[in-house]
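**Student:** Here are the chains, one letter per residue:
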Amino acid sequence: MMSMQQNYFQLFGLNAGFRVDQALLSDKYRQLQRQIHPDKYAGKSDREQRLAVQFAAYVNTAYETLKSPLLRAEYLLSEAGKPIDQQSTTLNDGEFLMLQMQWRESLGELAAAQSDSAPVSDETERELNRLNDEVQHHHKLLLSTFEQQYNENALTLAQATIAKMHFVEKMLLEIEQLDAALFD
Amino acid sequence: MALLQISEPGQSPEPHERKRAVGIDLGTTNSLVATVKQQQPEILAGIDGSLLLPSVVHYGTDDTRTVGLEAKQNASKDPLNTLISIKRLMGRGIEDLSRLGNQLPYVFADGDSNVPFIKTAAGDKSPVEVSADILSVLAQRGRDSLGGDLDGAVITVPAYFDDAQRQATKDAAKLAGLNVLRLLNEPTAAAVAYGLDQQEDGVIAIYDLGGGTFDISILRLSAGVFEVLATGGDSALGGDDIDNAIAHWIMSQAQLNTDLTPAQQRELLSIACEAKEALTDSESVVVQYEQWQQSFNREQFNALVDPLIQRTIRACKRALRDAKITRESIDHVIMVGGSTRGLRIREQVADFFQRELLTSINPDQVVALGAALQADILVGNKSDSDMLLLDVIPLSLGLETMGGLVEKVIHRNTTIPVTKAQEFTTFKDGQTAMAIHVIQGERELVSDCRSLARFELRNIPAMVAGAAHIRVTFQVDADGLLSVSAEEASTGVASTITVKPSYGLDDNAIATMLKDSFEHANSDISSRALREQQVEAERLIEVLSAALAEDGERLLNTDAQAQLANAIADLRQAHNGADASAIAAQIESLNALSADFAALRMDASIKRALAGQAIDDLEQ
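Just so you know, the protein sequences line up as chains A and B, in that order. Position in the first sequence counted from 1, then plus 14, gives you the working numbering. Position in the second sequence counted from 1, then plus 1, gives you the working numbering.
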């Protein structure tokens, strides 16, 4: 019986690893959905429809996981027996934590410098973009660090890298939210 | 050994005939029904030749009801019994009414349910029943045009409709006796109509402003696959609000007492609507109300309508962010909904997207046409179609946690179907039940979001506090509807789940309404029940016979095949009789018997998909 425990890479017929050909992944995803999407079973029995929903949902989860670098990284680690538990992972990297605090302060200042009624100054816009660029840069660095650590089987280090990536992604999200609040 | 299908002449379903399927646009202001004929979708007209059916129902004494234009003519004369824009009340609760309050002159019945029942001359009516009355008329148009019972309908809903609003729509369809093939998002339906018409791949933005709802959807169309990247909107913003703004302007200009009677309110709204439409063709119009009159020009109109349009533009910006694309990457912008005929709206939207707008398909009709195209495919009339619709959930789903906070479980714009599991544990020794409050919305506090339902889990195996691992699985199906299941992980014991929708009818209420609707229609409950079972039996016989013919030999041994064939024959026999419950029992038994076969077939077709082989390749 087709089990939905199948490895996501196998599901899409891709080689397991941190690098994924996104165009190929999208192609395979659409191919699969064409076959098993519930719409294909709209005229069939209830049982087949329910199974289709379950399987299509599984394919969607697999696709989302392999599309996102962070989710993919976490998935690789959990497949290697080293799942991430965000709650219990403490970061010991003092330098990284300092950087986080600096970013937060900058973001806080930018948010405070803008009063609700005044139009957003060019200065603020530039600063926000600069902050965003800096954080994006770190995001990319962490991704290549992860790839290296994973390929060298330094899985404990890789876990720590992922924990850092979570912080960075949260930062990017908050920058995006401030951007939306100021400019939309 | 091939199976011989022996049937009585005239008694068996003929699988090679076209199925009868329709697409229905159940709109705030107008509704339409369409079907595909000769490969083209077309709107089905009413007896009077009109394509649009005003979404208006008038209830008279003696339980009479009229739907459509005739009912609309009573709007000002008999406002309390003429129900308009009922879509604005679907899936909404009594407390929502204060927001919509001054636009709806109805008298609401007292009650402790969260479904607003409106007092009419024909009794208390829920929005679901009113919608069902509209759907019944459309269903009849379908039956008349296609010459028989309908096999299914695709019914459209605003993309931004939440779970309660969608469920209410499905409930209405059930009351109207329709088999819902799919609830389809309105912008996606429009995209289908345009996409199949224009045959051009690219990124499409659908700006859909109806009478009471606004949707903005961003899709990528590529090789027949319509992938929704993001959707946003406001399910309480539409043309009605523009009319309301104008009506308020008239009231202040004419220094009218704010305490108007329902009839006066209706009349004002009607005058406002006419003025709005007239300004599309003229620079200014004269507005008249009783003794008062004044000119009303485009500049004044723009001042009233711009804030509303700005709300829609903000929703567009957010959708672009969610889709992670810029305005420049949009290839086409499609305008949908009667309200998008307005000059000012078109100006502002074209200005925002910096491109010309596509308006070639009638904005009133495009949604129904798209729904008809999908209905044709889903019902099985187009087996060679490679169209695929990948839609998303519009609002995040979350759970209430300590301190009135929301923890998001499924994020907005996640492609559906989607499942997500969350683990819980007990906090008291021996605890066997648990309640989960599911919320929809983007905010952090429960009070700022929309309550969806409370799920009560029972039958949790009694354990020491904290020892139970209850895995709750949230599943959103292709209609955008949530279902919840739960099991205790270590014992595998499934919990029974009781759902208490926050804004909706429970099963008993629907059953009562169904009974009432039969009585109203003077139709014999038992003959309708028999017919329903027969239709269900025909469907199951057809589907299973085809399945056996295709995969029986490959997947089952001879005994199993024979068993199924006999059960099918038994169902045929019951079908030809007049005992509805006998048919129902036979259907259930056949379903149970064929469950494993269904799973095996599913498994086989998935394996084929993974191996990248088309079904044809295997039939060497």
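Careful: at least some of the hints might be erroneous.
Reference listing, derived: stretches of chain B covered by chain A, where coverage requires no fewer than 3 residues with Cβ under 8 Å from a Cβ of chain A [said to hold, decoys possible]:
1) 317-327
2) 494-503
Partner residues are not named here, just some residues of chain A that face chain B (Cβ under 7 Å, in silico) [to be verified]:
3) ASP53
4) SER59
5) VAL67
6) ASN74
7) GLU139
8) ARG140
9) ALA168
Hints were generated in silico from the structure; no laboratory data involved. We treat Cβ as the ideally placed atom computed from N, Cα and C, and that holds for glycine.
**Student:** Look at each hint and say if it fits the structure.
**Tutor:** Hint check:
1. 317-327: holds (count 3)
2. 494-503: Contact hint for the region 494-503 of chain B vs chain A: violated, 0 residues under 8 Å.
3. ASP53: Since the shortest Cβ distance to chain B is 6 Å, the answer is holds.
4. SER59: holds (6 Å)
5. VAL67: With a closest approach of 5 Å, the VAL67(A) hint holds.
6. ASN74: Check passed: Cβ of ASN74(A) comes within 5 Å of chain B, closer than 7 Å.
7. GLU139: Violated, because the Cβ-Cβ distance from GLU139(A) to chain B comes to roughly 16 Å (cut-off 7 Å).
8. ARG140: Constraint on ARG140(A) not satisfied, violated at 19 Å.
9. ALA168: violated (30 Å)
Hint compliance for this structure: hints 2, 7, 8, 9 are not met, and every other hint is.
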